[in-house]
Amino acid sequence: MKDTNRTSKTLLILAVLASIILPLFVKARFMQHILVMVVLYAVLGQAWNILGGYVGLVSIGQAAFFGLGSYVSSYLQVEYGINPWIGFALAGVITAVFGFLVGLPVTRLRGRYFAIATIALGQVMKVLFENWQRVGAATGLMLPLVKEGLGTLQFHTSKLPYYYIGLAMLGIIILFMWYMERSRLGYYFKAIRENEDVAAAMGINKTLYKLIAIAISAGITGMCGTFLAQYSLYVEPEYMFNHNISVTIALIAVFGGTGNILGPILGSAILLPISELSRAWMGSTGTGIDMMIYGAFIVLICVYQPQGLMGVVRNIQARARAQVERRGAHV
Amino acid sequence: MYLQLTVGGLLLGCVYGLVAMGLSLIYGVMGIVNFAHGAFVMLAMYASFWLNRFLGLDPVLSSPLIALLMFGFGVLMYHAVIGKVLEGPFLARLLVTFGLSIFLINSAQFLWSPDYRMVENPMFRGIIMLGPVFIERPKLVASIGSLIVAGLIYWFVRKTKTGLAIQAISLDRMAASLMGINIERLNGYAFGLGCACAGAAGAFLAEFYYIFPDVGTMFGLVALVAVALGGFGSTEGALIGAILIGIIETVGGFIVGSEFKYALVFLAYLVIVILRPRGLMGWGAD
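As you go down the protein sequences, you meet chains V and X in turn. For the working numbering, add 124 to where a residue sits in the first sequence, where the first one is 1. For the working numbering, add 232 to where a residue sits in the second sequence, where the first one is 1.
Hints listed in this document are in silico derivations from the structure and should not be mistaken for laboratory results. Accuracy of the hints is not assured; some may be wrong.
To give an idea of the interface, some chain V residues facing chain X are shown, with a C-beta separation under 8 Å as derived from the structure [unchecked claim]:
1. 182
2. 232
3. 412
We treat Cβ as the ideally placed atom computed from N, Cα and C, and that holds for glycine.
Could you build all of it, start to finish, from the sequences and the hints given here?
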């Protein structure tokens, strides 16, 4: 046991070092773009994971929080010249409160009723922002170009700073989830996922903990919205509230495996390059062939890999362990 | 004015009702929320368009043929994809039809370009006056046709032996299988029937609606809301929910502005489902 612990620690350190050092050698802007998207969606996948993987509330409307967050910081910046870092923090707070308020009625729903309610939420938010003149309606908002730097959260010469900011976000959320898994909160979440009626009978305030989960998930997703707004320097409803964002987030979690920390990172690291590359190679033809591949990929994952990559890893581990035990019995 | 709008909503609701019924049937039998249902409607619309273009067949007349084609397509889809995820985890069952929908919509765009098309010289055109109310003839034909097909499906499921077997599966899969019902084959039939509903609705819609790759998405989502409104698993509920939605969409859209009409539909879903977490007539597990 000690041995596996040591190997996994070494692997972890190697992975962290690789994620910090290797991107420095990536010079092509498009490759840098893929790296940024991978960390962004890894964070989004983790935020989804808190709600969907740990509490068991499957959301297909994360774009509602994502878009709201992107608009909070952008509007404050365009209208009042407020620094994006403050907007970043405010986006987190406001979307968390929004998630909490939306959650008050919605967390009463179960299973697919909840999932469809989140789709409905995403669509309603999109329509509202498309028609809200104050925030630019369907045209959206353009962020002012300013001098690049950490203070202004804009970088023009290289995309790598965005990558490192995203990586820092990912690191923080992983640490948070690591502690959450071992805390009372994590156990309450899992208890609600396994059987909320039993959990409630054991004295867990299920409504409260569902609300906490949706608020955390929404807050992080909102901050990711700000991140993408700073990255692309414009926001518009069709882009920020796009239903595909919600589907991709859920898909990453499914592909990687839900209810554990590694799953969404693996999912994002494999899925996002595929989706971005197919878009770059074939998206410009306008024939929709890139999305065809993407759709077929979703179907294939659901049919052949429904337990996610972590499920495969776990199966291999279990088989190896069983083999060791069998050998041990012979001695 | 409001009478006019309500009638319009009612006609629209009947077409939604047929789409929703297929969705509800599929859900009731195999527990799959079919997010690709709108894409099936779109495929049917294209099928009627091409039949019209090359054979000169009017969409309304070709609707039985389209329904049959879509039935076959549905059975095929079931055995190729859906049947394989039925035993899988909740999330895989939920997402697989998303993937299917994205695939089908973009295949349509790939094959037939994103251009808007319309059936030329449809058989039913113009309006008729019924007292103070204008009724567009193609919409009237579409809603009556939808009701007829819905009635046929209802009869099939309630009265024929195959239909009863399908019902038995939706009540208790294990017991049905022990009674010698071939679950795989009948699930395939049920999925095919659901697609046939979408197919017939698509053919009726093709008579007067623009045809483009993304056309089905809203129909599918609205039908989904209708099914959830009526309560998952209840076929009658789906029809009632759909008619309600048709009226909310037209009357409400007139009051708050048509750009908000779908927001209104989704808000109605949120409100009703929050008041009644299993829909108006829903039953069964989550």
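Right, here's what the structure says about each hint:
Look at residue 182 of chain V: its Cβ gets to within about 6 Å of chain X, closer than 8 Å, so that hint holds up. With a cut of 8 Å, the hint placing residue 232 of chain V at the interface with chain X holds, because the nearest CB-to-CB distance is about 6 Å. Because the smallest distance between the Cβ of residue 412 of chain V and any Cβ of chain X comes to about 4 Å, under 8 Å, the interface hint for this residue holds.
Violated hints: none; the structure is consistent with every hint.
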